[in-house]
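Got two chains here, separate frames each, mind docking them using the hints?
The listed protein sequences correspond, in order, to chains A and B.
Start counting the first sequence at 1; every next residue gets the next number (this note's numbering).
Start counting the second sequence at 612; every next residue gets the next number (this note's numbering).
Read the hints as simulated data drawn from the structure, not as lab findings.
Be aware that a few hints might be false.
Said to hold, decoys possible - Below, a list of computed lysine-lysine pairs in the DSS-like style, where the Cα atoms sit at most 30 angstroms apart:
1. A:Lys583 / B:Lys654
2. A:Lys536 / B:Lys728
3. A:Lys461 / B:Lys837
4. B:Lys730 / A:Lys546
5. A:Lys461 / B:Lys722
6. A:Lys546 / B:Lys654
7. B:Lys728 / A:Lys546
8. B:Lys730 / A:Lys605
9. A:Lys583 / B:Lys730
10. B:Lys728 / A:Lys583
11. A:Lys546 / B:Lys722
Since we're looking at a predicted model, the values are computed, not measured.
Here is what each chain is made of, one letter per residue.
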Amino acid sequence: MSVDTLHHSSHAEAHDHDHEHHEELHWIRQYVFSEDHKVIAKQFLIAGIFWALIGGCFSLLFRLQLGFPDANMDWLKPILGGWIKEGKIDPEFYLALVTMHGTIMVFFVLTAGLSGTFSNFLIPLQIGARDMASGFLNMLSFWFFFISSMLMLFSLFTSTGPAAGGWTVYPPLSALPQAISGSGSGMTLWLLSMAIFIVSSLLGSLNYVTTVINLRTVGMTFLRLPLTIWAFLITAIIGILSFPVLFSAALLLIFDRSFGTSFFLSELYVGGEALAHSGGSPVLFQHLFWFLGHPEVYIVLLPALGITSEIIATNSRKPIFGYRAMIGSILAIAFLSFIVWAHHMFVTGMNPFLGSIFMLLTLIIAVPSAVKAFNYIATLWRGNIVFTPAMLFSIGLVSFFISGGLTGIILGNSAADIQLHDTYFVVAHFHIVMGSASFFGMVAGVYHWFPKMFGRMLDEKLGYVHFWLTFIGAYCVFFPMHYIGIAGFPRRYYSFTGFDAFQSFADLNHFISIAAIVTVSAQLIFLFNFFFSIFKGRRAPQNPWKSNTLEWTTPINPGHGNWPGAIPHVYRWAYDYSKPGAKDDFIPQNIPYSQTPESNLPGEKDDPELK
Amino acid sequence: MTSLLLVTAGILVLLILLLVFRVHTLVTVMRGKEVGKIGLSNKINAAGMPIVFALGLIGFYCTYQAAKPHFLPDAASEHGVKTDFMFWFTMALLVIAFVITNTMLFWFPYKYQHSEKRKAFFYPDNHKLEIVWTIIPAVVMTGLVFYGLKEWNYITTFPAENECEVIEVMGKQFAWQVRYPGKDNKLGRYKFKAIDATNEFGIDFTDSASFDDFVPRELHLPKGKKVLLRIRARDVIHSVFLPHFRVKMDAVPGMPTRFWFVPTKSTEEMRDITGNPKFNYELACTEICGRGHFAMRFLVVVDEPEDYEAWKASQNRWSEDNADYVKTLVPSFKALKDTAVVATTDSSMVAVPADSANAVGKKDSVKADTKKDAPKAAPAKGKNKGGKKS
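Just chain B, with the same shape it has in the complex (with noise of 0.2 angstroms):
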């Protein structure tokens, strides 16, 4: 019934149009009128010129408005806020040389429209005013272009690792994966061959700073310290968007990226600010991946410093939790809570290298046991942070 109806309007329209276009044909015959004749049509195309500009500004300016309110909400971190300023201020120069530009390309067809009693000026060119109009735009452009550098510089000035806090997350269709280091700071390593459906990382646990980590189903970040992500894909390229933050950097597999920015804003905090008391922070893949990329939704909790901690502390090591898995990659592995000793958080029962610094006399079996039996560490890969090998 609908396509009856669409297809008979379809037919209506052709017609009335061949009907208009046969009309208006005889009648400019009738009329005897030479073709090309400037008339009423030129004076009413010449008026919807600035007409049309001018609803069109009004325009600009009432959806703006409408806009505004539904925008992001102020940067929820240090390098956010300079960024957003820096858009809106380009934004600021950009409008004015859009209404500028745009007024005199509206205004003139009107004012210089057609006319028996005028010609046009023969104007072919001004060298002067072409310079001037050169170097204008050009020095706008080297101005934000230093303002520009001076951004990128601070975001892409890696601070040191042992500044951040340090976390993994990684892309593959359609869901998002992150990994803590753990209390030892260090994220273990990765082989991609060891991929598999328990072991989705492909932690590869031969490298003893992959015990403590631990894989949690939220992003947890400490309001006002660093943080670093170390971003990875497993199939195709995904991107890690946390638009809160105005954080973007593509998730590629083979080829680790990082990004690295400070929280300002507790996820309490922007509840207050927005109003909303279910708003949660977000993060969304911005690289097209297949059938899921839309759908590609990690949370994303913002916590003051203290619960933060008490956060990590309260998770439970991945290896823990898979400890029949593991065992099978490293059969002499005990999972803490089939030892005699039990886990605290004391630093002393982390397992270090033997030869470390930190090494406590009564070793704890896990790290006795890695030393003997490990086979032999694969080559550092130069990608890995090359964490000290046991």
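Isolated chain A (complex conformation) (with noise of 0.2 angstroms):
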């Protein structure tokens, strides 16, 4: 990737070839292997933007297979060879897109490309500190994920095919190599892959806790902190917790796999032969499994929540609507995602009993996210509302976020899930409340923090083109799965023809296709616009969204160290938007007290050491 181009064309008006200016880094260590946390931040965002791609058109392939499902596929035999026989997609090829569908989208775009990105590049920035607490492990992090992109990449090419047991990967099926040929190689890459995706989670994870905790300027106390700030703390905190427990799922079925072992595996017949594993328990890998992946999935949704309220805040030019209950109910989302993880296991056949107290906790975790849904839109009550790029993607994240979310408490009750789960309604509630939330908060984040990344303005027509064609775009593609859900219509299916029960829909399931089509077309116009503005776009102000948190103090190409001096010291909050009495609509956080005395509300002074 030419991470070195991108900064070497923005830096090429103003210096020459001899870099005299810089210190005196080899370019390696300047773009490549950095420490520099803006650095690899952008490395992940690239890294995020690639696998978005792809992960994006492995869907369109089998949203073709199950909108068209009479067509010709042999048109794709130059990509896909020997996966298309006679004229379709293979079977277990497309059920290996599936999994790499969902592998690739949840852990290597909306892990690694949301939380790698943002918190890299917003926390020093946001809370007054040079760079991260160690540049060297935040340089490892992004470096041993770029390992593990390598290995999931060429889990594509191997001639057994990529890992096709579900982004879950549930043993026995995951374990078998003799039960479909993607839990071969394919799978063996899969998990040597995770693991290394999980050091470098780890890696990063530790990285920004301790910088939130140790490296906060002069008067940025817990409570100035922007939202963003809190949520990728206890994003990072959750994954620190929670991710070394699939680390030791994926452990013991390499074990099982390989190595002969019998953790998850009991009594199997396969290939004609009995297996000699005995005494494992399939739902123990669920379990594991699931311990992470419930939390994951707020791993994946908090960070574009607290983008969310930061872009929403600044462009209503009002204050985030309750700033300590949006801290609270971060905080109690976080603790109850840890108690929640079997409402994935309903029907899995495990004590019922377990069923009735999952459900119990997974109710109750409704009312933090409600409560969240319910500040933005006060926040947007009564605002002075300017609708960029960023503003339109956070406003359709808070709705994704209602409309998935919402679904999410059907799914949630043991009862209702027997006839739900596995079935499409599955699949539409968390496309919506986190592939499209989380995706539209993350691209929000790029609008937003375009200016900073790269001292240019992205273009904004090209932007609202963007947003609403995605916007509408998800709706249509995932809305009418619900429908599809409560008809039954299993996941994971094929085709649907083998079944008098699923014989309609067939025509919701073209347009759907069809939506698809349309929506990641209509993301190429925001890659056009990324990459054509990197280069061209028109020059960012110092502050272009009048934002009061620290980042828009450094100079508009931060350098190494982003400020050039003494790093300001902060003196109140993140959200003194239009404070009455004020001369701007805005007080940035490092304006003292003592210079704003016509808008201070009563009991606001600044800090004694600070005078």
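In structure tokens:
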């Protein structure tokens, strides 16, 4: 990737090739193996975009099969080769596409691409630090992710195909190559890749937590942190506590596959022979997997919610409503996320008593989520709203969050889940609440912080078109899936022609596939905008969104160490927008109260040592 | 040819985007507009919010009406009727919440769009409001929890086995198989090590309860009677899904599961209700299990109780149809067709343990020989019903 050229061009006018004005860092140390959090953030962003394209293309491929089941797919032979047999996508490869789509989107795009980009980019800038606590570990975090990406990419090209047991890779299917060919070398590479991915994630999370706790600038108390930082901090803590459990599940699965153990395997008769494994439980894997799997969806969602808080407040020119309630709900969601995992397992055959407990806890988690949604809406109320593309995507996120979150209430009810588990109702639910919402958060973040990342502005008209097409398109793709799920259509079905019960909705599947093609194509507008604006975008002003947070006090193209002189001190919270009596409709965090006597509320004065 | 067209189209789109971008930048520069000045675009985006939302609501309503006829027919089981009601009741609550919140979400941006004449209202918090809108969802959630628990407890409290028709359903790559207990109402034990090409279930013929089990090609269920499915799988996780009955339970290798329900509508009745004379209930797999996951269909028939008994009586025993095979396992086995005594429906001809109250004076050869020749019975496994050993 040419991260080097990104920086190179933006500096081109100001500097010549000799880099006389820079520190004497070799370009490899400056742009490739960099310890600067801003460079690492952009590396994560480019990687995330790359993986999003692949994951998106996979979804188009299997949507072609679902929407046009009779079509001849031979035209895909140049790309897919032997996976197209007699004009159709091979059913095992179809499952591999579904599996890799899920794995790529959840882990590589929405965890690494979202947290990796924005936690890295914003934490030091918004808390007032020169860089992360350990630039070296931060660099390792990206390059471990890079290795993990390479392994996952290689797995796509093995002759037996990539992992194909669903992104949830339940054994015994994922443990037995004789059960599905993707469980051969493709699954081995999947497990190795995920193990290294988890290492990368842990390195990053440890850094984020340490940095937020230790490196805040003078005056930046916890209760003055922007909500983005709260979200990134709590997300990192969730990750530290939950990813190791997936690591253990993956490790035990590696042992079952390659070293003859039976953690998850028992009483198997496959390929004409009874296997020697005995005593294991497939349900154990599910517990271990979902112990990460559920917090994972909050790892995916919370950063997006934090970004949305920031963008909605800034563009409504109003404080985020209920700052402390927002923090409280982030903490409540984080805590509860650890004790609801088995709502993914209501019909696994586990003890029904567990079903009762997990239903209770799951429905409780709806409460802090609802509070967040209400607070966003209250922030909009009586605001003075500017529709930047970031703002549009943030409002879209709230809409997806509400729609998808509501259907979660039905799925969390174990008795109702009996009919809906493993149907398209679930697919609709998580694509709306996690996929679309977090994706919108990621894109909103890019639109909002692009000026800070690259010193230039994204084109806003293209942004508007991108938003409306994607927003309407995403609803067109995922909303109809609720109907298909209510009608009982199971997930991960190659085709529905085998059952009388699933003969309806052919037209709807057709429509969904077309909507998906349009929506994915609309992302090309964003890609064009993104890459073109890096080089030819209008130059950004100091504070294009008139925002209060500290990152806008750095130079337009911040260098190493972020602030050329001293790091600003912080005197107030991040949400003094449209304060009565104030000169402007915003007061940045680094403006002391002593300078704004006309707008100070009773009791607001500078911390004693900061006079 | 198609690829050439696609590539050309792609390039054209790219060029158009480039031109739009350049023209827009040039126009902005020429007009001398400041960056970020809020103008017509803001108004258009603001108006778009309620308009698109209204169109979306209309779309929601219309698509729902269009989709409704294609949903599954009303539940054909006792618990299914209850869970369906709970589903729609909850959905109604959710749709109300959806409409209220999203209306505000899409109306406020329009109403409070940027205006030079206004300033936003500095309103950082309202603790009372926070408490109110925390408590209301909490109360609603609690209500839903108790409602759901009631249904869940009903479904997961199993009746005694002797009140149910017990049927074994086994999943494998890529078909279902079902086994009935036969006249003794006891399913014979199974061992996975006994599975082979003939004995797909791994039926253990050292258990005398196995001899009258039968393996039909359709799953027949009695209307109005409790049915208990004993569910297992022998290679990977499958899942038994009977959509019309609202039944779902994973089939896990090494860990048998079960689900009970009461079918309430016979196949004939459903054919009347749906107006489809070819209607049939179906069993589908609903846990990803490999390349044939989408093709694991098993026919399900609900009979009136008399027809059900008649159907059961007409089924051949598996040991009968595979007598030669069973002989290789149990050499002293004599198929009914080979014995002088003709099989009748009279229960006294059924093989029973010699010490049971039902034993008749005339022992049939099957039972006597198995007593002498049977190998030491394997220790009863916890998951088995633990039938009496002969």
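Right, here's what the structure says about each hint:
no.	hint	in the structure
1	A:Lys583 / B:Lys654	holds (26 angstroms)
2	A:Lys536 / B:Lys728	violated (35 angstroms)
3	A:Lys461 / B:Lys837	violated (64 angstroms)
4	B:Lys730 / A:Lys546	holds (15 angstroms)
5	A:Lys461 / B:Lys722	holds (22 angstroms)
6	A:Lys546 / B:Lys654	holds (20 angstroms)
7	B:Lys728 / A:Lys546	holds (18 angstroms)
8	B:Lys730 / A:Lys605	holds (24 angstroms)
9	A:Lys583 / B:Lys730	holds (12 angstroms)
10	B:Lys728 / A:Lys583	holds (15 angstroms)
11	A:Lys546 / B:Lys722	holds (22 angstroms)
Of the numbered hints stated above, those contradicted by the structure are hints 2, 3, listed in ascending order.
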